[in-house]
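Novice: Construct the entire structure; sequences and hints are all you get.
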Amino acid sequence: NGTVRETILRLKRLGITPPPAKLLPPWNSIESKYGRNSPIVLGLDQCKEFRRRHFHEKKNGKMYLAPVGLFNTGTNLFVELINLNCNNNNNNNTNNSTTGDAL
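Be aware that the sequence shown starts at 110, since it is given in the numbering used here, and climbs by one per residue.
One or more hints might be untrue.
Said to hold, decoys possible - FRET-style restraints, in silico, Cβ to Cβ:
1) 130 x 169: 28 to 38 Å
2) 156 x 118: 15 to 25 Å
3) 121 x 143: 10 to 20 Å
4) 131 x 162: 35 to 45 Å
5) 138 x 178: 13 to 23 Å
6) 191 x 130: 15 to 25 Å
7) 171 x 114: 17 to 27 Å
8) 181 x 129: 31 to 41 Å
9) 131 x 163: 20 to 30 Å
10) 129 x 162: 33 to 43 Å
11) 180 x 138: 28 to 38 Å
12) 164 x 111: 40 to 50 Å
Calculated directly from the structure, the hints in this document are not laboratory data.
Idealized CB from N, CA, C, for every residue including glycine.
Specialist: In structure tokens form, the structure reads like this:
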């Protein structure tokens, strides 16, 4: 319990393909920072409907994703996970270097 293996299993249960194990923290490390029932990913079952409703908001035929959040809420980790797992042909820097806030 609390191992990197557990982190991998939990990600797979969420339908997320985990990065290599050497890049993942043990689950007990995640729990100590974010709580026992965290992180919680809500809305995975609504992706298709979201894309349908927001199709008209695309720019150049593409939708863009930009994490937003308060300090120490996981936004920087989310940016890293997006960069590891998504095709990001935009190559925009999503980090505001003047404030450190994720945009």
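Novice: Holds or violated: 15 to 25 Å for the Cβ distance of residue 191 and residue 130?
Specialist: holds (20 Å)
Novice: Is it true that residue 164 and residue 111 lie within 40 to 50 Å of each other by Cβ?
Specialist: holds (42 Å)
Novice: With 28 to 38 Å as the target window, see if residue 180 and residue 138 comply at their CB atoms.
Specialist: violated (19 Å)
Novice: Check the following: the C-beta atoms of residue 138 and residue 178 are separated by a distance inside 13 to 23 Å.
Specialist: holds (20 Å)
Novice: For residue 131 and residue 163, compare the CB-CB distance with the range 20 to 30 Å and indicate the outcome.
Specialist: Taking Cβ atoms as reference, residue 131 and residue 163 lie about 36 Å apart, which means the hint is violated.
Novice: Taking the CB of residue 121 and the CB of residue 143, does the distance hold inside 10 to 20 Å?
Specialist: At roughly 19 Å between Cβ atoms, residue 143 and residue 121 fall inside 10 to 20 Å, so the hint holds.
Novice: Using the C-beta atoms of residue 129 and residue 162, is the stated range 33 to 43 Å upheld?
Specialist: Once the Cβ atoms are compared, 35 Å apart, the range 33 to 43 Å for residue 162 and residue 129 holds.
Novice: Determine whether the Cβ-Cβ distance between residue 156 and residue 118 falls within the hinted range of 15 to 25 Å.
Specialist: This hint holds: roughly 22 Å between Cβ atoms.
Novice: I want to verify a distance hint. Is the separation of the beta carbons of residue 130 and residue 169 within 28 to 38 Å?
Specialist: holds (37 Å)
Novice: With 35 to 45 Å as the target window, see if residue 131 and residue 162 comply at their CB atoms.
Specialist: holds (39 Å)
Novice: Starting from the hint 17 to 27 Å, judge whether the C-beta atoms of residue 171 and residue 114 obey it.
Specialist: Violated - the Cβ-Cβ distance for residue 171 and residue 114, about 36 Å, lies outside 17 to 27 Å.
Novice: Between residue 181 and residue 129, is the Cβ distance one that fits in 31 to 41 Å?
Specialist: violated (25 Å)
In this structure, the earlier hints numbered 7, 8, 9, 11 are contradicted, and the remaining ones agree with it.
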